[in-house]
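Kindly produce the complete structure, drawing on both the sequences and the hints.
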Amino acid sequence: MTTTYEPNKVLSNEEFKVVGTRPIRPDGADKVTGRAQYGADYNPADLLYAKVLRSPHAHARIKSINVSKAESLKGVLAVVTGADTIAPKKGESADFGLGPQPMKYLRDNAIATDKVLYQGHAVAAVAAQDVHTAEEAVNLIEVEYEVLEPVLTAPEAMAKTAPILHPDLTTDEFGNSNVADHFQHKMGDIDKGFAEADVIVEREFDTATVHQGYIEPCNVTALWNDDDRIHVWLSTQGPFQYRDALALALDIPQSRVKVTPMEIGGGFGGKFPLYHELAAVLLSRKTRRPVKIVMTRAEVFGGTGPTSGSNVKVKMGATKDGRIVAAKTELRFEAGAYPGSPVGAAGMTSFAAYDIPNVIVDGYDVVVNKPKAGAYRAPGAPNAAFGIEQVIDELSKEIGVDPVEFRLQNCAKEGTRRADGPIHPKVGGIETLEALRDHDHYQSPLTPAKNGGKVGRGVAFGFWFNAGLQSTATISVNGDGTVNLVEGSPDIGGSRASISMQAAEVLGISADEVKPKVADTDSIGFSFGTGGSRTTFATGWAAYEAANDVKSQLIERAATIWGVDPNSVEMEEGVLRSKTDTELSMTFKELSAQLNDTGGPIIGRGSVNPAGVGGAFAANIVDTEIDPETGKVDILRFTMVQDAGKAIHPSYVEGQMQGASVQGIGWALNEEYYYSEKGTIDNSSFLDYRMPTSLDLPMIDTVIVEVANPGHPYGVRGVGEVSLITPQAGIANAITDAVGVRLESMPMKPSVVLDAINNQG
Amino acid sequence: MPATKVHVTTTINGEPVEFLAEPRQSLLEVLRDVVQLTGSKEGCNDGNCGACTVNMDGRIVDSCLVLGVEAEGADIQTVEGIASADGLHPIQQAFLENAALQCGICTPGFLVSSKALLEKEPNPSEERIRMWLAGNLCRCTGYDKIVKAVMAAAKEMAS
Ligand code: FES
Ligand code: FES
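The listed protein sequences derive, respectively, from chains F and W. Residue numbering for the first sequence follows the working numbering, beginning at 11 and increasing consecutively. Residue numbering for the second sequence follows the working numbering, beginning at 17 and increasing consecutively.
Read the hints as simulated data drawn from the structure, not as lab findings. Where hints are given, some of them may not hold.
[As the list claims (entries may be wrong)] Taking lysine-lysine pairs in the DSBU-like style, the calculated list, with each CA pair at most 30 Å apart, reads:
#1 Lys527(F) <-> Lys21(W)
#2 Lys642(F) <-> Lys164(W)
#3 Lys73(F) <-> Lys125(F)
#4 Lys759(F) <-> Lys21(W)
#5 Lys21(W) <-> Lys79(F)
#6 Lys27(F) <-> Lys164(W)
#7 Lys164(W) <-> Lys525(F)
#8 Lys114(F) <-> Lys125(F)
[Unchecked claim] Here's a subset of chain W near chain F, in silico, CB distances under 10 Å, partners left out:
#9 Val33
#10 Phe35
#11 Gln41
#12 Arg48
#13 Leu53
#14 Gly59
#15 Cys60
#16 Ala101
#17 Asp102
#18 Met173
A virtual CB, placed ideally from N, CA and C, is assigned to each residue, including glycine.
Written out as structure tokens, the structure reads:
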């Protein structure tokens, strides 16, 4: 069978009426007219504005803080410091998408108490009548620091002589050190594996700290109301996690905190953690007025959670006939100032795309004087893949087999065990690689150079496990045959559409007859945040359950009206009918008009914590042009292939793939936190932290592969993250193809590429 | 001491608007906080993201780099002024039909920029669109669907 790969191909596995179509998103009109209310757009009456004072030092002890000058500035209403926070109880933790973390660390990260551990660490905050007065006031706060030596990378922080960040951080293996955790995944016999190998490649890679780069700065408006309830409006990926963490930080019951998720301008994992929200709440407690904080871009870079820089050692061995027999990696990840880097997820995914009998993965979580790492789209996996996928490329070249065929030969499939334990259920790795191999891009000659440089092609392949977790939804039926859907997952990229469509499919109505609403934490049951590629999968499933609940009640109601046994009534494609009496039939719309008078309104509910999460694979092809004079790399052609299980709204699946591809291109070529020796960031603006613009890029072609996930009613797999894992390594492999050198550090900026070319043997 | 405010007379989205601005307030701040037009977004406040793009006297500008007091006598169009009583403008419709937004925070800036391009050049090439929009950052879409939406709008407006 030959497939024609026109742009944005969907290799569809099953057709539905609504699922798989491309309706206009329900929040579309608000978003193209400027009416959509993002966090910073919310201005309640009596609003105060606050600013945060941040540490200029990467590592220092706070000796004293004097706020009196700030307090006496005209227009200032309140000042808070770490002394205003409540000491968390021992053992309390909160989960912001990277596993549970001790509340003490989360609190200290929100406002420093004894030490500052990175430049940008919050020290105090001021609320004033207007934002400029608040700005002036923070500059009047006098902080006396005892400056300490900073340590900035994981290997340096692991050295015996390194400055210690936390005197209370200990492990059995390392005692009191900067190592917060060391884990190992082991499978088979690694020595035996390498003994069997004909070819062994071993390399060491470094990657810089990078930011999610969401365009909307973090923001919050908090009100400590006169009934002692707290209402927080903000752009967040996880309103319920915020609610619970704030309640813990303030030592009050969850029910006293209400979080209203506003429209959110990007997150990519970075809008989960507690940042300035605690300061806003404490300022509102002092003033009993709503207090708003919106970060500047420099604060976003310095005071939020970027993703880890890392040091990754990789050693892999293969036989002459192309079988990978041994694989070993050591992952040293910067956690930033407090424990909890994404090294765990990196460890879970390191060799998980392949079937390798002998594997050892060692992971180290290491604290350094940088902002506490947050989640960033497939957290940790791209760091590891940058090294591993280059070593695989090199193995394939040494053996002399096509890199895609090499990966196909070693690809993980149903039944393959991952080194961290789980066995792959039905997965689409092979189908993804086959689509890549057969794609017009891979079958075509190299794209010609645009500027006379050297051209090369690279591929890379990756796996991400995806999350399930809890979601809830309710659906109420309107008298005109439409329904209102309430759910708790902030919509970052079109998920209101993909969730509504699953409910519409069940009820046999069109997508625009479902009116979705992302509710506040008082108005819907617990729903884990939008992250882990889980929203369309899990919240969509909750909507599916709620729609089925509505459907069975509609069947019962029709049976009551007709005076027949409910078992004799069915509902298909929006029509209720008797299975036995052809005279008895009515549409959903006709029945909905009668509900109020025939027993009352109908509401359905859905609550899930699904087990059948389907992992996803992605692979990409990239053609690059390298200017040998300057080392600058241009992307000439780019194709991303990803297994979506079932693409509910293919346009938004493509959007995820394209967006992730471009983030990967930026990560590969330009993006990094540029640190001075003192540990200060020298490039905290979009001018100097260079993210890709439209001019830097070609069209990003996509292929959606659909290998249905048997664990979801429509076969959905998560789609939001896996496409960020491969572009960096794909580009590195393309550079090697073009100029014959391996790039062992990221970003592969002109100076790095040029050095590599010049140092070539 | 808060500075003395200056009285400014402008036209915004075709209607006369007067406001009081502190000399240190940017046009973006004035639009969002004083005039309550929050459709223009702040992504960086230093001219590097384009989320605050508005059309001022026929030129697109980053409103975070313009002072509110500089708007005296100016004719300003923001995202709120793109649709009319007849409905969405073709560029807005094209963004929706082509799924050219994910989070949507960059969308107001892209719409204002793209509309200005199509008014000047009804049939721009892909390269020209990419060049024109290079001052607007989008982190979600990878620009592919945005560029396609602008091409679709050009086609629609020509027909
Ligand atoms: S806010 Fe004006 S350019 Fe970014
Ligand atoms: S759609 Fe999110 S930044 Fe463009």
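Restraint check for Lys527(F) with Lys21(W), where alpha carbons must lie at most 30 Å apart: 41 Å, violated
Satisfaction of the Ala101(W) interface hint, Cβ to chain F closer than 10 Å: 13 Å, violated
Holds or violated: Lys642(F) to Lys164(W), with C-alpha atoms at most 30 Å apart: Satisfied, since the Cα-Cα distance of roughly 27 Å is no more than 30 Å.
Minimum beta-carbon distance criterion (10 Å), Phe35(W) to chain F: 15 Å, violated
Interface restraint verdict for Leu53(W) against chain F (beta-carbon cut-off 10 Å): 7 Å, holds
Status of the hint placing Arg48(W) at chain F (closest C-beta pair under 10 Å): 8 Å, holds
Residue hint Cys60(W), partner chain F, criterion CB-CB below 10 Å: It holds, given that the least Cβ distance between Cys60(W) and chain F is near 4 Å, below 10 Å.
Holds or violated: Lys759(F) to Lys21(W), with C-alpha atoms at most 30 Å apart: Given that 30 Å is the threshold and the Cα spacing comes to 47 Å, the pair is violated.
Restraint status (C-alpha distance of Lys21(W) to Lys79(F) at most 30 Å): 25 Å, holds
Hint validity - Gly59(W) Cβ closer than 10 Å to any chain F Cβ: It holds, given that the least Cβ distance between Gly59(W) and chain F is near 4 Å, below 10 Å.
Interface hint status, Met173(W) versus chain F (Cβ within 10 Å): The hint is violated - Met173(W) has no Cβ within 10 Å of chain F, the shortest such distance being about 16 Å.
Satisfaction of hint between Lys525(F) and Lys164(W), Cα-Cα up to 30 Å: 28 Å, holds
When the structure is compared with the earlier hints, violations turn up for hints 1, 4, 9, 10, 16, 17 and 18 and for no others.
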